[in-house]
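Asks: Kindly generate the complete structure, drawing on both the sequences and the hints.
Chain by chain, the residues:
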Amino acid sequence: MKLKDLPIEVEPLAGAMPAFRASVPTSGLRELCAQARARKARLVALWGSDETRRGAGYALHLALALPSGLLWVSLPLARKDPRYPGIADIYPAANRMQRACADLLGICPDGADTRKWLRHGAWPGDAFPLRKDFDSSARFPQQADRYPFVTVAGEGVHEIPVGPVHAGTIEPGHFRFSIVGEKILRLEERLGYKHKGIEKRFESMTLEEGAKLAGRISGDSTVAYAWAYAMAAESATGTEPPRRALALRGILLELERIANHLGDLGYLANDVALSFGFFQFSRLKEKLLRTNARLFGHRYLMDAIVPGGVARDLARAGAEDLVAHLDAMRHEVVTLQSIYDEHAGAQDRFIMTGQVLPELAERMGLNGFAGRASGVKHDLRVDYPIPPYQQLDPVLISHTRGDVAARVLVRFEEVFESMRLIRALVQDLPPGEIRSAMRGPTSAGGVGWIEGWRGEVLIALETDAGRIHRAHAHDPSWENWPLLEHAVHGNIVPDFPLINKSFNLSYSGQDL
Amino acid sequence: MYQILKQIAKTGIVTETSPAPDEALRTSAQRLGEVILKHFGRALAIRHVDAGSCNGCELEIHAMNSPFYNPEQLGIKFVASPRHADLLLVTGPVSRNMETALRRTWEATPDPKLVVAIGDCGCTGGIFGESYASCGRVSNVIPVDVAVPGCPPTPAAILQGILTAIDPGRR
Numbered sequence: 001m002k003l004k005d006l007p008i009e010v011e012p013l014a015g016a017m018p019a020f021r022a023s024v025p026t027s028g029l030r031e032l033c034a035q036a037r038a039r040k041a042r043l044v045a046l047w048g049s050d051e052t053r054r055g056a057g058y059a060l061h062l063a064l065a066l067p068s069g070l071l072w073v074s075l076p077l078a079r080k081d082p083r084y085p086g087i088a089d090i091y092p093a094a095n096r097m098q099r100a101c102a103d104l105l106g107i108c109p110d111g112a113d114t115r116k117w118l119r120h121g122a123w124p125g126d127a128f129p130l131r132k133d134f135d136s137s138a139r140f141p142q143q144a145d146r147y148p149f150v151t152v153a154g155e156g157v158h159e160i161p162v163g164p165v166h167a168g169t170i171e172p173g174h175f176r177f178s179i180v181g182e183k184i185l186r187l188e189e190r191l192g193y194k195h196k197g198i199e200k201r202f203e204s205m206t207l208e209e210g211a212k213l214a215g216r217i218s219g220d221s222t223v224a225y226a227w228a229y230a231m232a233a234e235s236a237t238g239t240e241p242p243r244r245a246l247a248l249r250g251i252l253l254e255l256e257r258i259a260n261h262l263g264d265l266g267y268l269a270n271d272v273a274l275s276f277g278f279f280q281f282s283r284l285k286e287k288l289l290r291t292n293a294r295l296f297g298h299r300y301l302m303d304a305i306v307p308g309g310v311a312r313d314l315a316r317a318g319a320e321d322l323v324a325h326l327d328a329m330r331h332e333v334v335t336l337q338s339i340y341d342e343h344a345g346a347q348d349r350f351i352m353t354g355q356v357l358p359e360l361a362e363r364m365g366l367n368g369f370a371g372r373a374s375g376v377k378h379d380l381r382v383d384y385p386i387p388p389y390q391q392l393d394p395v396l397i398s399h400t401r402g403d404v405a406a407r408v409l410v411r412f413e414e415v416f417e418s419m420r421l422i423r424a425l426v427q428d429l430p431p432g433e434i435r436s437a438m439r440g441p442t443s444a445g446g447v448g449w450i451e452g453w454r455g456e457v458l459i460a461l462e463t464d465a466g467r468i469h470r471a472h473a474h475d476p477s478w479e480n481w482p483l484l485e486h487a488v489h490g491n492i493v494p495d496f497p498l499i500n501k502s503f504n505l506s507y508s509g510q511d512l
Numbered sequence: 001m002y003q004i005l006k007q008i009a010k011t012g013i014v015t016e017t018s019p020a021p022d023e024a025l026r027t028s029a030q031r032l033g034e035v036i037l038k039h040f041g042r043a044l045a046i047r048h049v050d051a052g053s054c055n056g057c058e059l060e061i062h063a064m065n066s067p068f069y070n071p072e073q074l075g076i077k078f079v080a081s082p083r084h085a086d087l088l089l090v091t092g093p094v095s096r097n098m099e100t101a102l103r104r105t106w107e108a109t110p111d112p113k114l115v116v117a118i119g120d121c122g123c124t125g126g127i128f129g130e131s132y133a134s135c136g137r138v139s140n141v142i143p144v145d146v147a148v149p150g151c152p153p154t155p156a157a158i159l160q161g162i163l164t165a166i167d168p169g170r171r
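Those sequence lines, one after another, are chains Z and S. So in my numbering, spot 46 of the first sequence is number 46, and the numbers just go up one at a time. So in my numbering, spot 31 of the second sequence is number 31, and the numbers just go up one at a time.
Because the hints were derived from the structure by calculation, they are not lab data. Incorrect hints may have been included.
Where chain Z lies over chain S, by a calculated footprint (3+ residues, C-beta under 8 Å) [stated by the list, open to error]:
#1 64 to 73
#2 90 to 100
The calculated label-pair distances, taken between Cβ atoms and stated as ranges, are [to be verified]:
#3 S/GLU107 / Z/PRO124: 51 to 61 Å
#4 Z/GLU359 / S/ILE13: 42 to 52 Å
#5 Z/GLY297 / S/ASP22: 20 to 30 Å
Lysine-lysine pairs mimicking DSSO-like chemistry, simulated, CA-CA at most 27 Å apart [to be verified]:
#6 Z/LYS132 / Z/LYS80
#7 Z/LYS287 / S/LYS113
#8 Z/LYS287 / S/LYS77
#9 Z/LYS80 / Z/LYS116
#10 Z/LYS4 / Z/LYS377
#11 Z/LYS200 / Z/LYS80
#12 Z/LYS4 / Z/LYS116
#13 S/LYS10 / Z/LYS287
Backbone N, C-alpha and C define an ideal beta-carbon position, used for all residues, glycine too.
Replies: Shown next, in the form of structure tokens:
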């Protein structure tokens, strides 16, 4: 079939989410991207794969978000010296993804930034972990790890290197600040410290086994990943999950959104010395986690979503328990929001701090709630309303100022909206089964695309007779990390933790 | 201010009783003497190191610092530098990209020191195991005194692991 938004031939993928696959020659890549960009299509992900065992060479893959759905484009590359024209000038977010692809598969972009990204010293530059002939248990001696940071020169300029081990209880990464006095002139991030070979691990697994690993790509987004993975596996096998399971997945995803926003709202107050807010929100979050454990068997809802449906049903009494809990909590969050709003000290630190303006956000592909706080009006639940969101009319919450205060406001409003969605889902829970049997082993592709609490989580899956040939997991942090470098410009160093927390990006999800 | 005070009064004190130490969590005969542990007893400084986790264990360490568990009432606090720490709380399978950083953090922690490995990955390498990119469990890289299983372990289990590490036990 022909696509509505772009003049290319596509094959629709199975499943409720509108998704299409297309094959394009490498020579047409830049032209396709330029056309897509002109039509306001967003780059969701870029990754590669080794197809040499399938009688071909390598392949480059792109996922683009079009008004009509998700377009998965594959481009065949040569077996010897696989290269393609880089697209980071068209889609800036592609820069780090292209470099990761080069590190893992030796697929190189022409005319582009050739610095390594995920590779530090754990394997040599001529070994490529995601190639099929790479032995995953290989252990190389640590290599020298040189990374050319950009240096800023001038009178009074100096550098502060931070990390990988940070001062707080957070994930590891390196931040190189160039500063004058207290003011940040430049921030350069170096990530990849948590790279633990997740994508290679997938390739030794069956479709069923992969679900558990998917739920551990980024612990705070375990529901979003598990759902995206299940959606991809269902799409690849043509399995349709029961309606009750979809409604329960919606409840789980919104619970994850609420829990994360509550936690961060507490930490944001902590970072501006309003420890009252920290203790109140950590108390509310803990209570919610205990409710999760009571109703779904896990505080963070890990392994609650499985390919074909969900692992555990919600009984009538449990549903009432949940609604009562949320009603009581709503009341408290309203009170706390008014305290935050009226607290001059907190607002003074929040307003105009760490600003990302809409034009830049749109150009760089900022997504999720941070994107919405900078005027990028996308939310998969709204843009592609598939069950269970179809009947609920989710409200897209946005702001245009793009500062810490805007991200705080969007988070508060999203908490309330998620509470409304859960209530609606609980009240209208369809009867029936919670899990469909997965259909037989196939050799096919499928995608899962979910609006997690942080942003869009994508899983692209290809199977060979029921085993995973390639599973690519894409975290929204890929696009959002570079914006943090911009958000801190001109701010003072002590505001960095606050700005960082207002985005709260995933290290594990992007390091893979 | 009135709203803040009202909310504080309404909330009251939510802190619960802390768990007792559990000998089963000990990985080996403790390296530190009873006398030293007695001194750590009520003033323990912890440095957390995420050596490659999925971030799930960090969520539970955060939760352990919520008012429900309140480890500060036991004299336990988190510090910003390994040089100020008595105990390292390490999560994750140790990624090979974090191997050097973890070893250096351990070396920067003054003796006598304790190490508590958190989570299934910290105990065994978990679902990620050992590979070109992962060293597996924490004890493959630095010595571990106590290992707390769970995916992720609950805040109470983490606190119990810490208390076990500083408990002289049945030596």
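Asks: Would you mind marking each hint as holding or not holding in the structure?
Replies: So, going through the hints one by one against the coordinates:
Here's how the segment 64 to 73 of chain S fares: 4 of its residues keep a CB closer than 8 Å to some CB of chain Z, so the rule of at least three is met and the hint holds. Residues of the segment 90 to 100 of chain S lying with their CB closer than 8 Å to a CB of chain Z number 8, which satisfies the three-residue condition for coverage. For S/GLU107 and Z/PRO124, the hinted distance range of 51 to 61 Å is not satisfied, since their beta carbons lie about 26 Å from each other. The hinted window of 42 to 52 Å between Z/GLU359 and S/ILE13 holds, with their beta carbons roughly 49 Å apart.
At roughly 23 Å, the beta carbons of Z/GLY297 and S/ASP22 sit within the given window of 20 to 30 Å. As the CA atoms of Z/LYS132 and Z/LYS80 are separated by approximately 14 Å, the hinted pair is consistent with the 27 Å bound. Restraint check: the Cα-Cα separation between Z/LYS287 and S/LYS113 comes to about 34 Å, which exceeds 27 Å; the hinted pair is violated. With a CA separation close to 23 Å, the supplied pair Z/LYS287 and S/LYS77 stays within the 27 Å bound.
With a C-alpha separation of about 21 Å, the suggested pairing of Z/LYS80 with Z/LYS116 holds against the 27 Å cut-off. This hinted pair checks out: Z/LYS4 and Z/LYS377 have alpha carbons roughly 21 Å apart, not beyond 27 Å. Proximity of Z/LYS200 to Z/LYS80 is assessed by CA-CA distance (about 21 Å); at most 27 Å being required, the pair is judged to hold. At roughly 37 Å between alpha-carbon atoms, Z/LYS4 and Z/LYS116 are farther apart than 27 Å, so this suggested pair is violated.
For the hint linking S/LYS10 to Z/LYS287, the alpha-carbon distance of about 16 Å falls within 27 Å, and the restraint holds.
Comparing the model with each earlier hint shows violations of hints 3, 7, 12; every other hint is respected.
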